[in-house]
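Novice: So you can see what is in the structure, the chains are spelled out below.
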Amino acid sequence: MIELNKDNFDAEVVQAEGVVLVDFWGDKCEPCKALMPSVEKLAEQYGNQIKMCKLNTGENRRLAISQKVLGLPTFIVYKNGERVKEISGAENCTPEAIENLIKENL
Amino acid sequence: MSKVYDVAILGGGPAGLAAGLYASRSRMVSVVIEKAKWGGQAATTEELENYPGSIEHTTGPKLIDRMKSQAEAFGTELIKDDVLAIDPTGDIKTVKLANGEIKARTLIIATGAQPMLLGAPGEMDFRGKGVSYCATCDADFFTELEVVVVGGGDSAVEEAIYLTRFADKVTIVHRRDQFRAAKSIIEKAMKNEKISVIWDTVVEEIYGDGIVEGVKLKNIKTNETTDFRTDGVFVFVGYKPFAEFAKGIVEMDEKGYIITDENMRTSVEGIFAAGDVRKKLLRQVVTATADGAIAATIAEKYIEDKFHS
Numbered sequence: 000m001i002e003l004n005k006d007n008f009d010a011e012v013v014q015a016e017g018v019v020l021v022d023f024w025g026d027k028c029e030p031c032k033a034l035m036p037s038v039e040k041l042a043e044q045y046g047n048q049i050k051m052c053k054l055n056t057g058e059n060r061r062l063a064i065s066q067k068v069l070g071l072p073t074f075i076v077y078k079n080g081e082r083v084k085e086i087s088g089a090e091n092c093t094p095e096a097i098e099n100l101i102k103e104n105l
Numbered sequence: 000m001s002k003v004y005d006v007a008i009l010g011g012g013p014a015g016l017a018a019g020l021y022a023s024r025s026r027m028v029s030v031v032i033e034k035a036k037w038g039g040q041a042a043t044t045e046e047l048e049n050y051p052g053s054i055e056h057t058t059g060p061k062l063i064d065r066m067k068s069q070a071e072a073f074g075t076e077l078i079k080d081d082v083l084a085i086d087p088t089g090d091i092k093t094v095k096l097a098n099g100e101i102k103a104r105t106l107i108i109a110t111g112a113q114p115m116l117l118g119a120p121g122e123m124d125f126r127g128k129g130v131s132y133c134a135t136c137d138a139d140f141f142t143e144l145e146v147v148v149v150g151g152g153d154s155a156v157e158e159a160i161y162l163t164r165f166a167d168k169v170t171i172v173h174r175r176d177q178f179r180a181a182k183s184i185i186e187k188a189m190k191n192e193k194i195s196v197i198w199d200t201v202v203e204e205i206y207g208d209g210i211v212e213g214v215k216l217k218n219i220k221t222n223e224t225t226d227f228r229t230d231g232v233f234v235f236v237g238y239k240p241f242a243e244f245a246k247g248i249v250e251m252d253e254k255g256y257i258i259t260d261e262n263m264r265t266s267v268e269g270i271f272a273a274g275d276v277r278k279k280l281l282r283q284v285v286t287a288t289a290d291g292a293i294a295a296t297i298a299e300k301y302i303e304d305k306f307h308s
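Chains as they are written, first to last, in numbering that gives the first Met the number 0: chain E, 0 to 105; chain Y, 0 to 308.
Accuracy of the hints is not assured; some may be wrong.
Quick list of in silico lysine-lysine cross-link-like pairs, DSSO-like style, CA-CA up to 27 Å [stated by the list, open to error]:
| hint | chain 1 | residue 1 | chain 2 | residue 2 |
| --- | --- | --- | --- | --- |
| 1 | Y | K95 | E | K84 |
| 2 | Y | K61 | E | K32 |
| 3 | Y | K34 | E | K32 |
| 4 | E | K53 | Y | K95 |
| 5 | E | K32 | Y | K239 |
| 6 | Y | K215 | E | K67 |
| 7 | Y | K215 | Y | K95 |
| 8 | E | K32 | Y | K215 |
| 9 | E | K102 | Y | K34 |
| 10 | Y | K79 | Y | K95 |
| 11 | E | K40 | Y | K79 |
Just so you know, the hints here were simulated from the structure itself, not pulled from any lab data.
With these hints in hand, go ahead and build the complete structure from the sequences.
Specialist: Structural data, given as structure tokens:
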């Protein structure tokens, strides 16, 4: 998975063609960390069709807020730089829901 | 024949992990099944200063890590999966999981409780955009900003105190004229200069433009409504049990909490319940672990009587 920060976010997400999924997570977000292995697995599975990225919001707070993300975990799908779908909150962000989010937007 | 466990423990919070520890120490073949994060609610609790022996620098995640490795060290199997259904009929019970099934002589249901929603318009729309149910997850975002905490129990007041480490101003909105939290917690909150309280008031609506900008408040004594500008809304208005899969199988109260006797026995032989999912007065880590220990011990006795005599 591509690690995003303020220096590469534009190039990897906003200017990017195709479908990008961003996993907004943080060091203090236990649900986010519990999800990470499943997300990594999905990245291996769907890596050819979708660009999978993660953004540590603890280190990139302003960037997260600029994307109107103020809560974790949050997953956002961008298509050709435009955000098209998102899910947020620990009960909503299950591995199945994330996989569906990917499949719906391929 | 596939493997039959002595005990399958559903839920990997403090109750489930304690049950796993006690079960494996008494040499029962045991498994703990957790669908999301080990530790349940305790994993997202920063301050745990009411758990005996954990005064200094003990956070929920640290305590859970230790509980987990302790249970594992004595031989409990820990697996990640989602419980879909249980079949309680017969001497060997079946647990249907998202990825297969497990057979066991006894079940301990320790699936806990989850936060309740506020039910106000805007709540779902601003999820992850200023509405939160997890202070440790999201507090960072509100550094130097202002937040509202809704609720008046232990969680609400404790999390309000935690949020003052980040936010400039924390306003607790509570529908009654006093808190239900422990006195020591209330005292700590009242001494905190960043915290103020709006009593007798409910949140009627959460609004904003992309992210939360404010809430509509209503005083339930005067019916007066006011707009209150805020950057975030943290909701701690109670919990609901998480045991849909056991509905119609074990006896529950009207809220869905599982009814047990003092030995954690449910209405079905061989099925026990422990922790927050159980109907009881005090839902804390300390009572959850105690429940888990009792459930595992009584489960062992049950197996001894049923299968070995």
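Novice: Are the hints correct? Go through all of them and say.
Specialist: Comparing the hints with the structure gives:
no.: 1; hint: K95(Y) with K84(E); in the structure: violated (32 Å)
no.: 2; hint: K61(Y) with K32(E); in the structure: holds (14 Å)
no.: 3; hint: K34(Y) with K32(E); in the structure: holds (13 Å)
no.: 4; hint: K53(E) with K95(Y); in the structure: violated (33 Å)
no.: 5; hint: K32(E) with K239(Y); in the structure: holds (24 Å)
no.: 6; hint: K215(Y) with K67(E); in the structure: holds (21 Å)
no.: 7; hint: K215(Y) with K95(Y); in the structure: violated (44 Å)
no.: 8; hint: K32(E) with K215(Y); in the structure: violated (34 Å)
no.: 9; hint: K102(E) with K34(Y); in the structure: holds (22 Å)
no.: 10; hint: K79(Y) with K95(Y); in the structure: holds (13 Å)
no.: 11; hint: K40(E) with K79(Y); in the structure: holds (14 Å)
Going through the hint list in order, the structure does not satisfy hints 1, 4, 7 and 8.
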